[in-house]
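**Q** So you can see what is in the structure, the chains are spelled out below.
Number of protein chains: 2
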Amino acid sequence: MTGPRLRLTREERRSQMLEVATDVFYERGYDQASLQEIATRMGLLKGSLYYYIDSKEDLLFDVIRTAHDELFDEVAGLAAGPGDAFERLERVIHGHVGWICAHLRWTRVFLHELRSLPVPRRQEVLASRHPYQTLLRTLILEAQRTGLARPDVHPPLAALTLLGALNWSYRWFTPNGESKPAAIAATIADLTLHGLRLPPQRA
Amino acid sequence: MTGPRLRLTREERRSQMLEVATDVFYERGYDQASLQEIATRMGLLKGSLYYYIDSKEDLLFDVIRTAHDELFDEVAGLAAGPGDAFERLERVIHGHVGWICAHLRWTRVFLHELRSLPVPRRQEVLASRHPYQTLLRTLILEAQRTGLARPDVHPPLAALTLLGALNWSYRWFTPNGESKPAAIAATIADLTLHGLRLPPQRA
Chain A
1 MTGPRLRLTR
11 EERRSQMLEV
21 ATDVFYERGY
31 DQASLQEIAT
41 RMGLLKGSLY
51 YYIDSKEDLL
61 FDVIRTAHDE
71 LFDEVAGLAA
81 GPGDAFERLE
91 RVIHGHVGWI
101 CAHLRWTRVF
111 LHELRSLPVP
121 RRQEVLASRH
131 PYQTLLRTLI
141 LEAQRTGLAR
151 PDVHPPLAAL
161 TLLGALNWSY
171 RWFTPNGESK
181 PAAIAATIAD
191 LTLHGLRLPP
201 QRA
Chain B
1 MTGPRLRLTR
11 EERRSQMLEV
21 ATDVFYERGY
31 DQASLQEIAT
41 RMGLLKGSLY
51 YYIDSKEDLL
61 FDVIRTAHDE
71 LFDEVAGLAA
81 GPGDAFERLE
91 RVIHGHVGWI
101 CAHLRWTRVF
111 LHELRSLPVP
121 RRQEVLASRH
131 PYQTLLRTLI
141 LEAQRTGLAR
151 PDVHPPLAAL
161 TLLGALNWSY
171 RWFTPNGESK
181 PAAIAATIAD
191 LTLHGLRLPP
201 QRA
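Protein sequence lines, in the order shown, are assigned to chains A and B.
With the UniProt record's numbering as the guide, the letters of the first sequence map in order to residues 1 to 203.
With the UniProt record's numbering as the guide, the letters of the second sequence map in order to residues 1 to 203.
Just chain A, same shape as in the assembly (with noise of 0.2 Å):
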């Protein structure tokens, strides 16, 4: 095990086959999807992939998980911060748009693809969206715990609509468009978030 490493570890090949999938989901959709193309992309036979997958199911599996955890990570890490409740929804807000716009064919296999799994993979990923959905819930209660939102607004509707505005910018995000990640994550926290808070009381 002397001179230059050219072999890739398990992980940084993990990680690669994960991208290399990505991508070729993202452009021929799963079903059109071959592990053949995958492996030829990545410079190895198809029989490698089965170190680390049984199947293309298996890899559209982990693909998608993955997307999932790298997002709730993320984003979990500043809704955890310091700050009150509007502070945190507004940096979740900037960390998620930031995510999904850095990572948009994952965001889109995630997407659209989920419904390529079989059932019972595909409620244990829907299962995990509900931490997701929960944290944004819980910011929102917290806000309005605090007397700095209206207490009228439903939070479950609220974490609903907020994730409806952020997720969308998959669809029309284009790395050299007119308009950048934080831009784009200002208008939704501008709207949104303004909506939902308080007007200051009168003295």
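Certain hints may be false.
Note that identical chains are pooled: a pair holds if it fits in a single copy or bridges any two copies.
To be verified - With a straight-line cut-off of 20 Å between C-alpha atoms, the simulated DMTMM-like cross-links for lysine to aspartate or glutamate are:
# : residue 1 : residue 2
1 : Lys-180   : Asp-152
2 : Lys-180   : Glu-90
3 : Lys-56    : Glu-37
4 : Lys-46    : Glu-57
5 : Lys-56    : Glu-19
Bear in mind the hints are in silico, worked out from the structure with no lab data behind them.
This structure is a prediction, so every number in the text was calculated from the model and none was measured.
Once you've looked at the hints, dock chain B against the given chain A.
**A** Okay, now just chain B, sitting in the frame of chain A:
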């Protein structure tokens, strides 16, 4: 031509074909859907479909265009109605959510299978989305011009934020679920319109 009319008119048959095709595209995905299955569900021979369309791609294009046009017509009517810009935006929000919740399969096929169209037809559909965004943007601009809305909000991004909040409902709304379309629309209007509205000036 006496006696009960047993045959559908051409127009009725065409509507039926679009409904059935939407179901099959929704259930199987475009790639796996077959004209044979669509014809069988309609009680027709496959060859009869060619009286209405030239190919499966034609049929997807018709489904997508029809969905878009119906939603646009409904919302354009509401946008042109009486009242100030905020009153009309609120009716647009209710109309849009109501249409989506009543046409979940159509919305899903529209949003997910657009990519199955070849580029020129996809561009044609995408171009037809501009009038819809323009409609929202125009109402937001009018609200700003008439002194009702905050002037510091960027109308194109605000329109896309609103569109995201509206369209997202297709992903989680279920007809028998707890949240009814009117409650969903009210929350979206509450957050986004309240966020857009300029606070009343103090005397």
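**Q** Each hint: holds or not?
**A** Checked hints:
no. : hint              : verdict
1   : Lys-180 x Asp-152 : between (33 Å within a copy, 17 Å between copies)
2   : Lys-180 x Glu-90  : within (16 Å within a copy, 28 Å between copies)
3   : Lys-56 x Glu-37   : within (11 Å within a copy, 27 Å between copies)
4   : Lys-46 x Glu-57   : within (15 Å within a copy, 33 Å between copies)
5   : Lys-56 x Glu-19   : within (14 Å within a copy, 32 Å between copies)
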